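Can you build the whole structure from these sequences, using the hints too?
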Amino acid sequence: MVAAILLAAGEARRMRGRDKLLEAVGGRPALRHAAEAALASRADRVLVVLPPEAAPRREALAGAAVEIVVAADCTEGMAASLRAGLEAVDPGTDAVVILLADMPEIGSEAIDRLIAAFDPAAGREILRATAADGRPGHPVLFGRRFFGQLAALKGDRGARSVIAGAPAGSVRHVPIAGRAALLDLDTPEDWDAWRAGRGGS
Numbered sequence: 028m029v030a031a032i033l034l035a036a037g038e039a040r041r042m043r044g045r046d047k048l049l050e051a052v053g054g055r056p057a058l059r060h061a062a063e064a065a066l067a068s069r070a071d072r073v074l075v076v077l078p079p080e081a082a083p084r085r086e087a088l089a090g091a092a093v094e095i096v097v098a099a100d101c102t103e104g105m106a107a108s109l110r111a112g113l114e115a116v117d118p119g120t121d122a123v124v125i126l127l128a129d130m131p132e133i134g135s136e137a138i139d140r141l142i143a144a145f146d147p148a149a150g151r152e153i154l155r156a157t158a159a160d161g162r163p164g165h166p167v168l169f170g171r172r173f174f175g176q177l178a179a180l181k182g183d184r185g186a187r188s189v190i191a192g193a194p195a196g197s198v199r200h201v202p203i204a205g206r207a208a209l210l211d212l213d214t215p216e217d218w219d220a221w222r223a224g225r226g227g228s
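Everything in the sequence shown is counted per my numbering, starting at 28 for the first residue and increasing by one.
Treat the hints as calculated values from the structure; they're not laboratory data.
Note that this is a predicted model, so its numbers are computed, not measured.
Don't take each hint at face value.
Said to hold, decoys possible - Cβ-Cβ distance ranges computed for the label pairs, FRET-style:
id	residue 1	residue 2	range
1	A149	A82	25 to 35 Å
2	A67	I95	30 to 40 Å
3	A149	E86	40 to 50 Å
4	G54	G150	23 to 33 Å
5	A91	G196	29 to 39 Å
6	R222	D160	34 to 44 Å
Backbone N, C-alpha and C fix where the C-beta goes; we use that ideal spot for every residue, glycine too.
Written out as structure tokens, the structure is:
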């Protein structure tokens, strides 16, 4: 079983009052777009990690077949969201795909490529999406043996330290077309420029 964990509990500090997860992507909020990409993938469950007070984000997910997980201590940073998501997965889960909700060009195909490449028997236990030029980014799939290390992270540290400390050969890069694996949008200017480049969508 593979679970997709969509991290959507962070504050958009650089958005100057706008919520980047509610920015439009193809006529839908970015959060909804990301959730639907995960739902269309081969992941068996889709969990969305939200902060305690997140009515607009919950509304963006209304009717979607996702499971909402509340990260009560999300102000601690990304580690708290990772912990909340991992605590909610089934005990028999073989792997999790960690997704960021502010990466609008990640679709179900990218998630499926990671899932297809996962093979713990062959030592392929961490699968990291890369841009076409080879630079690593997101999403990232982690096999079960790394769940404990992910849950032990503190503060605003992401999973890079887990990847860096993984046994040789267990981390594999999975190419994703274009810059999708690197494209995260953090400011109003980022979003406006991205939409302008796509004809306003």
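G54 paired with G150, Cβ distance criterion 23 to 33 Å:
violated, 42 Å
Note whether the CB distance of A149 and A82 lies within 25 to 35 Å or breaks it.
violated, 45 Å
Range hint compliance [Cβ, R222 to D160, 34 to 44 Å]:
violated, 23 Å
Check the following: the C-beta atoms of A149 and E86 are separated by a distance inside 40 to 50 Å.
Hint holds: Cβ distance 43 Å, inside 40 to 50 Å.
Distance restraint evaluation - A67, I95, Cβ atoms, bounds 30 to 40 Å:
violated, 18 Å
Indicate whether the distance between the beta carbons of A91 and G196 respects the range 29 to 39 Å.
At roughly 37 Å between Cβ atoms, G196 and A91 fall inside 29 to 39 Å, so the hint holds.
In terms of the numbered hints stated before, the structure departs from hints 1, 2, 4 and 6, listed from lowest to highest.
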